[in-house]
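Construct the entire structure; sequences and hints are all you get.
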Amino acid sequence: MTAFLSITDLTVGYGATPVLRGITLDVSDADFTAIVGPSGCGKTTLLRTIAGLERATSGDMRLGTQMLTTHGIHLAPHKRNIGWVPQDASLFPHLNVAENIAFGLATSLRRVKKAARSNRVAELLELVSLTAFGLRMPHELSGGQAQRVALARALANRPQLVLLDEPFAGLDPILRSDLRSEVKAILARAQTAALLVTHDQTEALSLASHVALMHDGIIEQAGSPLDVYSSPATVWCAEFLGDANVLHATTVQGESDPNGLNGPHDSALSALGITPMTWMEGGTQPVPGELVSLMVRPESLSLVTGQGWRVTETSFAGHDGLVTLVADTKTPLAARSHTTVPVLQVLVAARQMPLIGANYDVKLTAPALGYAP
Amino acid sequence: MPRTVANQRLPRPLVAVAAVAALVAVIPVGYLLVRAFAEGGESFLSLLERPRLPLLIGNSLGLAITVTFSALAIGLPSAFLLSRVRIPLRAFWMVIAALPLAVPSYLAAYGLLAAFPTMQGFAAAWLVLTMVTVPYITLPVASALQSATTDFEDVARTLGRSPFSALLSGSWHNVRTPALAGSLLVFLYVISDFGGVALFRFPVLTTAIYQAYGASYDRNLAAVLSLILITLAIIIVFGERLARGKARTRNVSRLTVGRTRISDLHPRLTPLFAVLSFPAFAVVVIPVTVMLLRMFSAEALASLDPARLWSATVNTLILSLGGALVAVALATPIALLAARYGGRLVGAIESAGYLPLALPGVVVGLSLVFFALGTAPALYQTTFLLALAYGFMFLPKAIGGIRSRVAAIPSSLNDVSRTLGYTPLQSWRSVTGPLSRPGFLLGGLLVMVTAMKELPATLMLRPTGMDTLATLLWSRTDVASYGAAAPYALMLIVLAAIPAFLLSQSDRRGGSPL
Numbered sequence: 002m003t004a005f006l007s008i009t010d011l012t013v014g015y016g017a018t019p020v021l022r023g024i025t026l027d028v029s030d031a032d033f034t035a036i037v038g039p040s041g042c043g044k045t046t047l048l049r050t051i052a053g054l055e056r057a058t059s060g061d062m063r064l065g066t067q068m069l070t071t072h073g074i075h076l077a078p079h080k081r082n083i084g085w086v087p088q089d090a091s092l093f094p095h096l097n098v099a100e101n102i103a104f105g106l107a108t109s110l111r112r113v114k115k116a117a118r119s120n121r122v123a124e125l126l127e128l129v130s131l132t133a134f135g136l137r138m139p140h141e142l143s144g145g146q147a148q149r150v151a152l153a154r155a156l157a158n159r160p161q162l163v164l165l166d167e168p169f170a171g172l173d174p175i176l177r178s179d180l181r182s183e184v185k186a187i188l189a190r191a192q193t194a195a196l197l198v199t200h201d202q203t204e205a206l207s208l209a210s211h212v213a214l215m216h217d218g219i220i221e222q223a224g225s226p227l228d229v230y231s232s233p234a235t236v237w238c239a240e241f242l243g244d245a246n247v248l249h250a251t252t253v254q255g256e257s258d259p260n261g262l263n264g265p266h267d268s269a270l271s272a273l274g275i276t277p278m279t280w281m282e283g284g285t286q287p288v289p290g291e292l293v294s295l296m297v298r299p300e301s302l303s304l305v306t307g308q309g310w311r312v313t314e315t316s317f318a319g320h321d322g323l324v325t326l327v328a329d330t331k332t333p334l335a336a337r338s339h340t341t342v343p344v345l346q347v348l349v350a351a352r353q354m355p356l357i358g359a360n361y362d363v364k365l366t367a368p369a370l371g372y373a374p
Numbered sequence: 013m014p015r016t017v018a019n020q021r022l023p024r025p026l027v028a029v030a031a032v033a034a035l036v037a038v039i040p041v042g043y044l045l046v047r048a049f050a051e052g053g054e055s056f057l058s059l060l061e062r063p064r065l066p067l068l069i070g071n072s073l074g075l076a077i078t079v080t081f082s083a084l085a086i087g088l089p090s091a092f093l094l095s096r097v098r099i100p101l102r103a104f105w106m107v108i109a110a111l112p113l114a115v116p117s118y119l120a121a122y123g124l125l126a127a128f129p130t131m132q133g134f135a136a137a138w139l140v141l142t143m144v145t146v147p148y149i150t151l152p153v154a155s156a157l158q159s160a161t162t163d164f165e166d167v168a169r170t171l172g173r174s175p176f177s178a179l180l181s182g183s184w185h186n187v188r189t190p191a192l193a194g195s196l197l198v199f200l201y202v203i204s205d206f207g208g209v210a211l212f213r214f215p216v217l218t219t220a221i222y223q224a225y226g227a228s229y230d231r232n233l234a235a236v237l238s239l240i241l242i243t244l245a246i247i248i249v250f251g252e253r254l255a256r257g258k259a260r261t262r263n264v265s266r267l268t269v270g271r272t273r274i275s276d277l278h279p280r281l282t283p284l285f286a287v288l289s290f291p292a293f294a295v296v297v298i299p300v301t302v303m304l305l306r307m308f309s310a311e312a313l314a315s316l317d318p319a320r321l322w323s324a325t326v327n328t329l330i331l332s333l334g335g336a337l338v339a340v341a342l343a344t345p346i347a348l349l350a351a352r353y354g355g356r357l358v359g360a361i362e363s364a365g366y367l368p369l370a371l372p373g374v375v376v377g378l379s380l381v382f383f384a385l386g387t388a389p390a391l392y393q394t395t396f397l398l399a400l401a402y403g404f405m406f407l408p409k410a411i412g413g414i415r416s417r418v419a420a421i422p423s424s425l426n427d428v429s430r431t432l433g434y435t436p437l438q439s440w441r442s443v444t445g446p447l448s449r450p451g452f453l454l455g456g457l458l459v460m461v462t463a464m465k466e467l468p469a470t471l472m473l474r475p476t477g478m479d480t481l482a483t484l485l486w487s488r489t490d491v492a493s494y495g496a497a498a499p500y501a502l503m504l505i506v507l508a509a510i511p512a513f514l515l516s517q518s519d520r521r522g523g524s525p526l
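Line by line, the protein sequences are chains H and P.
Just so you know, we're using the numbering used here here: the first sequence kicks off at 2 and counts up by one.
Just so you know, we're using the numbering used here here: the second sequence kicks off at 13 and counts up by one.
Hints may contain errors.
Stated by the list, open to error - Quick list of the computed label-pair ranges, beta carbon to beta carbon:
(1) P:Leu385 / H:Lys115: 54 to 64 angstroms
(2) P:Gly355 / H:Ser130: 42 to 52 angstroms
(3) H:Thr71 / P:Thr394: 48 to 58 angstroms
(4) P:Ala509 / H:Gly171: 42 to 52 angstroms
(5) P:Leu357 / H:Ala17: 19 to 29 angstroms
(6) P:Phe250 / H:Ala373: 53 to 63 angstroms
(7) P:Thr170 / H:Ala373: 45 to 55 angstroms
(8) H:Ser178 / P:Thr282: 51 to 61 angstroms
To be verified - Footprint (simulated), chain H over chain P, 3 or more residues, beta carbon under 8 angstroms:
(9) 430 to 439
(10) 443 to 456
Unchecked claim - If the Cβ cut is set under 8 angstroms, some of the chain H residues that face chain P in the computed set are:
(11) Ala52
(12) His79
(13) Ile83
(14) Gly84
(15) Trp85
(16) Asp89
(17) Ser91
(18) Phe93
(19) Pro94
(20) His95
(21) Thr108
Everything labelled a hint here was simulated from the structure, so no lab data went into it.
Using N, Cα and C, we set each Cβ at its ideal position, and we do this for glycine too.
This is the structure:
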């Protein structure tokens with residue numbers, strides 16, 4: 002994979018806590034990349050910096066063969082040919098749909114109005130399935146239609162890259178998932194690399210071929226959706242991308258790998274008993290007896306007959322449900338040494354939802370992941 | 013979504029142009045200072061010891077304070093009636109509430125004097141100025157109450173408050189800011205007013221400045237009195253800022269959250285209609301009726317000079333249009349900067365642009381006389397200088413009109429056009445410019461409508477022999493020939509009503525695209 006957009010050690014903002022700190026990110030030209038993070042993590046600033054709307058304090062940025070930012074020199078936004086779809090679509094209220102799409106094909110209103118009748122605009126209207134809407138004004142469009150027009154407008158100049166800033170955030174959930182797949186298809190047809198910013202993990206995981214997790218101005222992890230979900234680099238990544246049980250544990254002398262799974266292996270003693278552990282942090286393996294944090298996804302656990310854990314809460318979600326259990330105090334366990342009573346969340350199929358107050362044992366179906374405490 | 017990112021850079025050319033515009037707006041005051049201290053500190057101090065000075069200051073302040081309170085007393089209940097009660101013909105009552113705005117104080121005073129020739133002194137000035145300034149309270153408070161939620165009131169009711177007490181506790185935080193801002197405008201109107209108080213022969217600072225300048229040509233005294241007047245105005249402007257404090261930023265964005273409940277018209281509320289319509293009755297209906305009656309008396313018709321009326325009308329239009337152009341030209345860079353950027357420098361430039369709010373017409377007139385005589389005597393008593401004076405005086409109106417419009421345009425539109433290959437200038441021409449056009453029109457019209465009615469600066473700066481409707485009206489009232497002045501007064505009202513009508517139309521259409 003050759004990097005198409007290449008960002009090296011990018012910092013934006015001044016002072017002790019810049020908005021973005023040392024961002025390094027490579028995007029290949031075939032990719033649909035998603036940058037996902039909680040609000041306020043700096044992801045929109047990163048997008049605006051790539052578009053040239055904010056200036057980096059230091060670092061380099063290259064798109065294809067073109068330097069965007071290097072040594073404090075910045076290419077002006079109008080020379081970058083990067084499409085930008087802002088969060089609220091931001092259609093020009095004084096222009097109709099066709100003129101909005103044609104906006105990038107000229108640089109004066111007179112020529113834009115002429116270009117609105119060109120084949121390119123007709124082609125783009127068809128691309129976003131809005132052929133009949135060319136003469137509508139922006140306030141006559143629904144939220145989803147407005148976003149599609151904004152996308153067509155960004156694609157008109159055949160940009161090298163399209164930036165999408167939370168384009169689905171303001172829409173209702175059903176429309177949102179329809180529009181997601183539609184946008185993905187449109188971008189594939191236009192054969193344009195795209196960079197999406199979102200705070201919605203599901204959106205990022207389902208839409209993108211490459212996901213970068215952003216937290217407090219830095220990129221915590223980047224990789225394929227499966228990679229970042231199943232092998233989160235940090236506890237924060239694990240908790241941000243989905244439900245996660247994080248348990249106190251102590252490493253124990255490694256036994257032979259009972260499940261035959263790959264990776265650097267060890268075992269840990271936690272509220273789940275002695276379980277195999279995959280060590281996720283770089284550097285040396287922890288020595289036996291060291292304190293670690295153990296992360297297990299609720300779907301990596303299952304309920305079996307037993308008395309060790311008591312159901313305290315169930316939350317039914319239709320196809321499946323999340324069960325919350327606490328370690329039953331009547332059962333002596335090694336984990337009693339910890340001050341807090343361990344709590345677990347387990348994902349079960351809908352028809353197996355247990356009753357509150359029932360007792361079970363919990364079995365691990367995939368290795369737990371180990372992190373520094 | 014306005015974004016404040018740490019490394020947001022101010023566009024240097026725009027800052028430079030705006031700074032020059034702000035400096036131009038400050039020049040008159042600078043000249044006034046120079047003039048007041050020109051003869052050295054001793055003479056300045058000796059002027060301050062004039063025996064009449066405490067009386068003048070006391071009269072100006074006393075009148076301004078009493079008028080502000082009486083305007084609040086009429087304006088607040090009127091605003092409540094207009095915004096929170098289901099009343100028949102609401103649009104009509106809105107017009108009635110706004111009507112006194114169309115009448116300058118001297119015109120109202122003149123009309124009332126024609127009806128009741130014995131009116132004079134403090135009471136008469138207080139009455140007329142109150143009635144003329146009530147809309148400055150009623151209109152902003154009504155619009156705030158209209159968009160504010162009544163949920164707080166409902167909560168207060170469920171917590172055991174009486175309807176009136178719930179209204180006070182639930183809506184006060186919404187009313188506070190517009191009521192304070194309105195009070196500031198009323199106060200500044202009163203201490204700047206010249207025509208109204210002069211007609212009722214009530215001695216205040218403005219009339220004393222005019223006398224010192226005109227009758228005795230004691231220009232140093234005029235400069236010193238002007239400085240005192242400006243100082244009072246600036247103290248009040250800062251006082252209002254302090255009182256407004258944090259309330260301004262806290263609730264603005266949340267005004268529209270929640271429901272606004274409109275109550276039915278309770279019979280006990282009917283006296284409020286009298287309160288609401290009294291100002292319009294006192295300063296519009298009575299004066300206009302009396303003028304119409306006087307005008308059609310034989311003597312008045314005989315003395316009517318159509319050619320003079322026509323030339324005065326044309327002069328009024330040209331001068332106010334010139335003033336509007338000057339104001340918009342100066343306001344544009346300041347308003348663009350203030351609408352898009354923040355920070356100390358931008359704040360200072362914007363404040364300089366709003367400084368003329370605290371400059372009474374007499375003071376601007378006087379300082380431009382000094383300025384012209386001191387730097388370019390050829391400018392003295394030219395049309396250009398008078399248009400310049402209008403431009404200075406009403407600069408804040410132009411800034412307000414343009415600024416609010418530009419600020420309403422999302423900055424993301426500009427960002428989008430930049431990513432689509434437009435340079436900053438091309439973006440301005442294709443996006444911000446066309447979208448903010450109504451703001452320029454609004455600002456210009458506001459300036460025009462106000463400049464037409466301006467009296468003291470016009471009297472001081474107009475070229476010899478050039479008459480406007482306001483000055484002709486003024487010279488007729490001096491000799492108490494009410495019938496002869498009536499045509500000019502009526503023409504002035506009609507002329508001022510046209511841009512006001514355009515304003516209400518553009519307002520109605522302007523809302524749609526954004």
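Original post:
Which numbered hints does this structure break?
Top reply: Failing hints: none at all.
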